[in-house]
Structures are given as structure tokens and as C-alpha cells.
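Chemist: The residues making up each chain are set out below.
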Amino acid sequence: MSSINKAATNILAEITSNRRAGAYHHIALSVGEMAAHVRPGNFVAISVGGEASSMVLRRAFAIYRSVDLGNGQGQIELVVAPHGAGSSWVCSQLVGAKLNVIGPLGTAFGIPTEPVRALLVGGGYGSAPLFGLSEVLKSRGCRVDMVLGASTAMKIYAPLEGKRSVNALTITTEDGSTGTQGRVSDVIPDIIDANNIDIIYSCGPMGMLQAITDIARDKGVVHQCAVEEAMACGIGVCMTCVLPVRGEDGVIRMLRSCIDGPVMDGESVIWESKRTIPEGTWGS
Amino acid sequence: MSTFDFETNLGAARFNNPIFTASGCAGSGKELSRFFPLANLGAVVTKSIMLKARSGRATPRMAETPSGMLNSIGLQGPGIDIFLENDIPWLVNEGATIVVSIAGESVEDYAILARRLRAVSGISALEVNISCPNVENRGQVFACDPVTARAAVEAVRRNIGGELPIIAKLSPDVTDIANIAEEVVAAGADGLALINTVLGMVIDTNTMRPKLAGKTGGLSGPAIRPVAVRAIYQVHARLSHVSILGMGGVTNGRDALELVLAGASAVSVGTATFGNPFAAMTVRTELEELLIAKGFSSMKEAVGYAHRTEV
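The listed protein sequences correspond, in order, to chains A and B.
With our numbering, you'll find the first sequence wraps up at 284, consecutive numbering, no jumps.
With our numbering, you'll find the second sequence wraps up at 311, consecutive numbering, no jumps.
Just chain B, same shape as in the assembly (with noise of 0.2 Å):
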């Protein structure tokens, strides 16, 4: 077990092992560090930080959904200020590995948030989140469009000065996601996160209304595991030289496996999180088992392995 290379990269950025929170699944770090050191994580990356504080949206913001749940959170958060003086010392601190997710409302808020990120200490890799559904303005999420997706990554790659890797985080809810993952990384983006939520909505049948208050909300959870697999797989064989961090409903070590041989380089806990805190400890040292049980010798040998020719 010890000679296994559990290391993995995203862009220029190595980690311990693939095994990350996903953004907005892990608060603030603290509270999940009552159950299990941060340090063991591959990363954790934060919820996603904008300029200002920001209420989120009304309640009810949750409906549970089969093997999955809607969310309408909105981003609820600190704004960078408050999230620079307490969040960021407290997990480098914990001797966390962290990747900051950012998330604007312009294009102009994503080169601000990238210049204030540019000399903080003890940042791994800028997750930069373009594919939030849960912003009033849904129509425009900046991963539905090639020229948004596009303009957002670069002002972040302008500001951001240095080597510091950035993810774009992509929403599968687009006709061609591996055309938006090509824009994205031709305007910069070292690595892709795929994938955000899916859209969806309850309506309940009591109140015959939407069940949440902004009505619609993002799905996550196994639901949508087969979702983000798809994705994965697809922006891996267009796009085989980019690392990807792949998120969607990963329960288990065989889940994480699943998005790993479709081409993830490092896979993200979130939801399951929700149900079991330890939900990304039990993925890690599943994974790993996993890995060694099919023969592999490293992480980095099982990446996109799904895409092999030979018979």
C-alpha cells in the first residue's frame, strides 16, 4: 500500500491525494473538522466567495429529491473582506490545502476578486465559479455561453498575476459543454471543474406552487452522478491535456473511480457530505484501495483510463 502514488495535479498544482470537498458542501471548514482533520483532504475548497456579503436566497432553499436534493442557497457568504480575514487563516492554519472558489456577478467583480486573491498566501488553485444556477439573474450564468465563459475566465487570468492554477467551474446544462470547456481554456483556465448543479424544480402538490422559494434550484446528489460522468468523459477526450476536477454525486470510493477513469484528475465530496460527514475520508481510502485492486501503480495511471483503444 505505501509504494502507491496516491499524487495527483491540477494544472501546475499537486496535491496529497484526489479527494477534495466540493464548493458550498464543506461551510467554512470548521465544522466539518469537528469529525476528521482538514489536512487530510486533498484540498478543500471554499464555498464560492464574491465582493460583498451576500443574504443567499429565501427558504424553504432545500428539497430533498430520489438520490439527490435541490438547492436554492444563492451564494449566502461573507463577501471577500471578512472571508480573507477569518476563513482563509483558519484553514492554512489547520494545515488545509486550499482552493478558493470565486464566484461574480461581472465580469468586472471576477477581475477584482482575482486581484485580491493574487498575493494571499497559502492558495492552492482559484476555482473559478461561472455556473452557479442559483443567481437572480439565471439567464445569465457565464457557463452558458461561450463569449461570457470566456470574457469571465480571462479577466481572472489578467488579475491574477503569478502561477496560481484556475478551474472553471462549467454547468452541465448547456447543448455542448466540451465547446464551452475549449473557450474556457483557450481564454486560460488550467484546469475544469465539471460539474456544477443541474436545474430543476419541485413543485409541491399541497401548495400546487414551486416547492422552493426561488423556485428553482440546483440538483445534486447520485441523481445526477450519470450527468457528470457523461461530461467528464466527453471534455476528456476533446481536451485530454486539461485536468479536470470532477464532482456529481460521489457516495463511494466506486463512484469516485467511475469519474477518475472518465477523466478526473481529483474528485470533489459534496453532498454526500450532507448525509456523512465523513462521506470524503470513506471516498478517499475507497478510492485508493480501489486503485491498487485494479492494478494500478499510481492516481495519474487510472485518469481517463475509460478512454483506452485497446481491446
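For reference, chain A alone in the conformation it holds in the complex (with noise of 0.2 Å):
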């Protein structure tokens, strides 16, 4: 079992931008040191409500981009979806209120030491920590594909500089109100063969990376996916965001998504346990 991000800190960081971005916001914090030590596919775990708040518990939100600036300073940037209150009211936060900011967290996407084929899949805000890595595989000389799936445009989160990371970006919505109708699943599987893709990189809705688990198998490719499991404390204490993995020595545990996740290897994950511990798990 892994243990808690070492570089992870807790800061009062300040809101320097907010702004809407189709059915989301994009938040940019002013959160010193940390940006220098955040990789692609980690997070951060923020307080939500105010002092007085009855939400007692941390949001956790992936990480767009980190800019390190220097001097110990630096920014993070969040892309993030007014789902339910507390995501609600962190996208009410104005420009220069403070968010109590635990971070980074979690594990970091594993880049290739060799310049490869990369293939990024993003299911709606999943597309935001893909940006990053993009960025940094490319630096490495590795070609990258990216695929972006929604219900609708709204929902497809791809701003101008990201587009410009990507070697070509192939966009579905279920809704077809943009790019190619369907889902990512319709179209990947013609992208890995054309461009001869050698890994995987993926985030989004636990039913999409279970699809493309599936694809990256039956072509024999790597997958690395961020998963996303209900957190209650982001830092590994609360137990609450496991899902079963099988290990390299062929036994499944519950592992924690926060603290061995939520990047791991889609073929270790087991998909099918919806709702249930799966047989055989070790201690069940």
C-alpha cells in the first residue's frame, strides 16, 4: 500500500480567476510552492461552504494546469462542474476570496521514458488534468491523440491552448451537437489502429474508462485511467473511496482511489464489482 503525496500541504489559496467555460468554471488559485511540485493526473482536496458551512467534508477536484512561477510562487487551475452544492459554491467564489486548499494529491500519470503514441480520452470535465499531460508528453517528443466525449457541447471541455497541445483532437457528443455523435468507445478503437497508439491515458465517468479498459485490452495497449470515487477526505484517513484492484501478485484489495489513485492501470481495476465486493477479494 502506497502512502499520502509527500509534497501535499494545506494553504489559504486566492481565487485569481473565474470565469465560465461552457457548462463549467475555470478557477485559477494562487497557491505558491505547491505548483511547483504537481504532476499531471493528481488533485486537490479544497473546503467547501464557509466557517459555518454544514458540509462538512473536502471536494475533490483534478487539476487542469500547475504554473510554476518561480520565487515560490506559483498557480494551479481547476476546471470545474456546478454539479451538486458544494462544486456550487466553489464556483461562486469570487476573485480574491481565500479556499482552504489541500494538495496535491494523489498519483501522477506515468510518462514513457521513450517518445511514444500516446492516446488521451476525457469524458466531459475528465478532460482537464489531459491538457497538462499533454503538454508534458509532447516535450518528451511523443505524439498525441486526443478524444473528447460529452452528452452535448456544452459538456465538451477543450479551450484553445489545449487544442494547440494535441498532435489531432477528435471530439464526440452523444447528442451530436458537435464533433462525431456517439460516445469516445465509437471512435477510439479506429485511432489506435490508424495512428499505431502504443498507451492510453484516460479520465472521466467510471463507465467510460471500464469501455475503453475493454478496447485497450482487446488491442493490446496500455491504459492509465484517473478514476473517480466519492471522497470524503482526500488524504487516505476516511476509507470511503476504495475500489478493487488486483495487485501484481493476482490478489484483489480495496485500495484507496485518493492515495493509490487516482491514476492506476485500467486492466488492474475490477469494473464489474458495481455495488459489491467481488469474490475473492483479500479479506472478504
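The set of hints was computed from the structure by calculation and includes no laboratory data.
Note that the coordinates shown come from a computational prediction; the quantities given were computed from them, not determined experimentally.
Every residue, glycine too, gets a C-beta built ideally from N, C-alpha and C.
Just to be clear, a hint being listed does not mean it is correct.
[To be verified] Derived pair list, reagent style DMTMM-like, types lysine to aspartate or glutamate, alpha-carbon separation capped at 25 Å:
1) K215/B to E272/A
2) K215/B to E105/B
3) K30/B to E229/A
[What the hints assert, rightly or not] Some chain A residues well away from chain B (every beta-carbon gap over 10 Å; in silico):
4) A28
5) S88
6) A97
7) I111
8) D190
9) P205
10) S268
Join the two chains, each given in its own frame, into one complex according to the hints.
Modeler: Structural data, given as C-alpha cells:
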């Protein structure tokens, strides 16, 4: 079992920008030294609702980008969907407000040492951490294809600077309001074949990650995904964000997505286990 | 400030200060040690350890509720062997004061666990969790029945030997908690941990099914604090000579003081740690300041102060 991200700190971070981006909010935070320690795939856990709030738990947000400005200064950027009361509160905060942030947390996407052909797949705001990953991959000489999918055009997050960081971008929407009508899993197999993809990186809803795992297995391609499980703490103490993962020793264990994830090997996750403990899990 | 005596006792065990973690709310301790030295706590109360490795319940295991949360972790853990091999030596090395929490599925489990822990050095007290609401045979929560509560604590008492104080953790989901408290004290408990979570349920109105995979869960957080204060007050009124480790929604020093005034000799911080990893340290500082501001010269002087009869 691994341990909490060694760079994690708890800070008050000032909001330096907060603007709408389609169905989401793009929020930039001044985080000082934290920015230098962020790797693509990491997340932050933010207190919501203010001092007297009845919301006692932090909310976890994937980091879209981090900018290390040097001299202990830096910022991180988040893409937040105002889903529930907590994320809506974050989106409603004005520039100058301070957020209580713990980060960076969790594992990061593994970066290959050789230049490879990578396919990045994002569902909805799950695209956010992929753009920073794309920049890193490109700087290592990798070819980067990207597929973004959502139910509708408003829920595709693909900023201009992000689009520039990839070699080719394909968009799918279920309602056909932009790009190809359908799901990301409809277009991925052809892209893998056409571009001789070596590795897939993905982030999005669990159903999508499961579908990509099936395709990756079929095509013999490595698949790293950032999972999304509900968390209460984000720092590894509450044991709520677990999911069944098969280890290298073949044993299935309930691992914490905040500590052993969010980035995991798609093939090792037991996706079929919805609302059950898979048979043979250690300690079941 | 230096003259204030913050020490406290649970049974024969002495602690430098009265602020502990709550069982199951501090992981193995390693995660929190990223934020503050564990030696600064009165004690680390470990997750409730069982005989064998346990996967816990399926997800979703958590639902946030107004000023609280439901959890149904189901005592996920590595089992006593790995726990003794890894967790305890690590905590000892950190200089932490340790209260080991144990949970069993049968009276015999409690007996075996007590025997396994009897010769382990570095432990200050044993919390006997007889009230976890998240085991599958919910109908057999030991602490909901005076007979089974008594049997589990007796099994530990018979097998633990020596001086290690036993603290029995009770459920608030009973008609008369003071009655259960009397039973476990008669069975050999030196102290009482009050309260475990309150059994609850959330139904997802989109799927129109219980939100948690385990259907029911334990409610914790500020929402249950008045229940904790009431339980501590009632038990202290009946058994003023028995030490109480209080817990239930403590987020700051004021909350901790409330439990102390009701009768708690020490206070565990649980759910608050999920929102603020420094919560226990904040509570410790604020409680000491508050006790001094109220004119107490020691922590012990404040325990049960709300019961005084003078006007």
C-alpha cells in the first residue's frame, strides 16, 4: 500500500480568476510553492461552504494545469462542474476570495521514458487533467492524439491553448451537437489502429473508463486512467473512496483512490463490481 | 499557561493531554503524520482491528448529510497479524501514545484478540469496539444487548491480564445507555467510549434506492453532538467514578469543552479530521485556552462540571 503524496500541504489559496467555460467554471488559484510539486493526474481537496457550513467534507478536484512561476510562486487551475451544493459554492466564489486547499494529492500519470504514440481520452470535465499531461508528453517527443466526449457540446471542455497541445483532436457528443455523434468508445478503436497507439491515458466517468479498458485489452494497449470515486477526506484516512484492484500478486484488494489513485492501471481495476465486493477479494 | 495541568486519566492509564483521534478516522496514523507529529496527541486510537483481514463493505460507502456524514466502511483492515507487525511498531517509533481498538464477530474473537495484545508493549489502553453498526449481522451489535455487551467485555477482561485498561465503546442506539454502561463496567471495563455512530440511511431520490451499497451507515459529525453530550451526561450521572472517552461531532475547543463538562475525561476527534487534517491539534489548543479562560487549574477539575449542584 502506498502513502499520501509527499508534497501535500494545506494552504489558503486566493482565487485569481474565475470564469465560465461552457457548462463549467475555470478557476485559477494562487498556491505558492505547491504548483512546483503538481504532476498531471494529481488533485486537490477543497473545503466548501465557509466557516459555519453544514458541509463538513472536502471536495476533490482534478488539477487542470499548474504554473510554477519560480521564487515560491505559482498557480493551479481547475475546471469545476457546478454539480452539487459544494462544487456550486466553489464556482460562486469571487476573485480575491481564499479557499482552503490541500494538495497536491494522489498519484500522477506515468510518463514514458521513450517517445511513444499516446491517446488521451476525456469524458466531460475529465478532459481537464489531460491537457497538462499532453504538454509533458509533447515535451518528451511523444505524438499525442486526443478524444473528448460528452453528452452535449456545452459539456466538452477544450480550451484553445489545450487544443494546441495535441496533434489531433476528435470530439464526440451523444446528441451530435458537435463533432461525431456517439461515444468516445465508438471512435477510439479506429484511432488506435490508424496511429499505432502505444498507450492510452483517460479521465472521466467510471463507465467510460471501463469501456476504454475493454478496448485497450482487445488492442493490447497499455491504459492508465484517473478514477472518480466519492471521497470524504482525500488524504487517505476515511476509507470511503476504495475500489477493487488486482495487484501484481493476483490478489484483489480494496484500494483507496485518493492514495493508490486516482491514476491506476485500467486493466487492474475490477470494473464489474458495482455495489458489490468481488469474490475472492482479500478479507472478504 | 505553563501552570495549567492538561493531563488526564482513563482508568489507570495516564495521558499528557485529553485530545485523541477517533477510531477509524485517522487511517494507520501515517497519513495524518504528514500534517502534525502524532506525539502531540493525547493518544492515537487505531482503527478497530479484527482477527483476520477484512475487505469492508462495497461502495458507495459514504454520503454527506447536513452537518455530518454516513459511512459504511465495515471495518476494512489488515487483521491483527499484519497490524502488530506494521502499524504498532511504526506508531511506537513516532512516539505516539497508542490506544488499540479491537472488534470481533464473536465473543471468542474478542478473547483471542485480547490474548494477542496482552504481551504487546507500547500500548496504553484497549478500546473494545462492541458497537460498530457496519458489520453485516447488524442485529448482533454486542453493545445493543446487555448480555452480549457483558460477554464481550468479560472475554477481554479474562484474557488481557495485567494492568491494561479496557475501554468499552458503546452505541447510542439503545433505550438506556447507562444500563449497558453498568453491565460492561461490572464485566470489567475500566472506561467507556461514548459514542459510536448513530445508525442512519440516505435514499438517493434519483435512483430511488438507498444511497449506500450497505444500505445503512453510521452517522457522525456535528449532527450527532447533542446525542453524544446527552449519552455522556447520562452515563456520568450514573457512574461518576468511571472514565469516559467522549466523541461525537467535536470540531473545535468549544465542542470538546461541552463533552468534558458532561463528563468526558478525554475527547476523540473523528469526522472533523476528514475536513481538516489539523482538527485534533486545533481542538487541543482551543480546549486548553478555554479551560484556562474559565478559571480551571486542571483538565480533571472540569470533567463533569455541568453536573454540579451548587447554584
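Chemist: Would S88/A pass as off the interface with chain B, using Cβ distances and a cut of 10 Å?
Modeler: It holds; S88/A is separated from chain B by about 14 Å at its closest Cβ, greater than 10 Å.
Chemist: Should the label of A28/A as a non-interface residue stand, given a Cβ cut-off of 10 Å to chain B?
Modeler: Label holds. Min Cβ-Cβ 24 Å, cutoff 10 Å.
Chemist: What's the verdict on K215/B and E105/B, does the C-alpha distance respect the 25 Å limit or exceed it?
Modeler: Holds, because 20 Å separates the two Cα atoms, which is no more than 25 Å.
Chemist: Is it correct that the beta-carbon of A97/A has no partner in chain B closer than or equal to 10 Å?
Modeler: Holds, because the least Cβ-Cβ distance between A97/A and chain B comes to about 18 Å, which exceeds 10 Å.
Chemist: Does S268/A sit more than 10 Å from chain B, CB to CB?
Modeler: holds (16 Å)
Chemist: Does D190/A really sit off the interface, with its C-beta more than 10 Å from all C-beta atoms of chain B?
Modeler: Per Cβ check, D190/A is outside 10 Å of chain B; nearest 34 Å; holds.
Chemist: Taken at face value, is the distance from the CA of E272/A to the CA of K215/B at most 25 Å?
Modeler: holds (19 Å)
Chemist: Going by Cβ atoms, does P205/A stay more than 10 Å from chain B at every point?
Modeler: Non-interface label on P205/A holds, nearest chain B Cβ at 15 Å vs cutoff 10 Å.
Chemist: Measuring Cβ to Cβ, find out whether I111/A lies farther than 10 Å from everything in chain B.
Modeler: holds (24 Å)
Chemist: Need the status of pair K30/B, E229/A: alpha-carbon distance at most 25 Å?
Modeler: Holds. K30/B to E229/A sits at ~22 Å (cutoff 25 Å).
In this structure, every one of the numbered hints holds.
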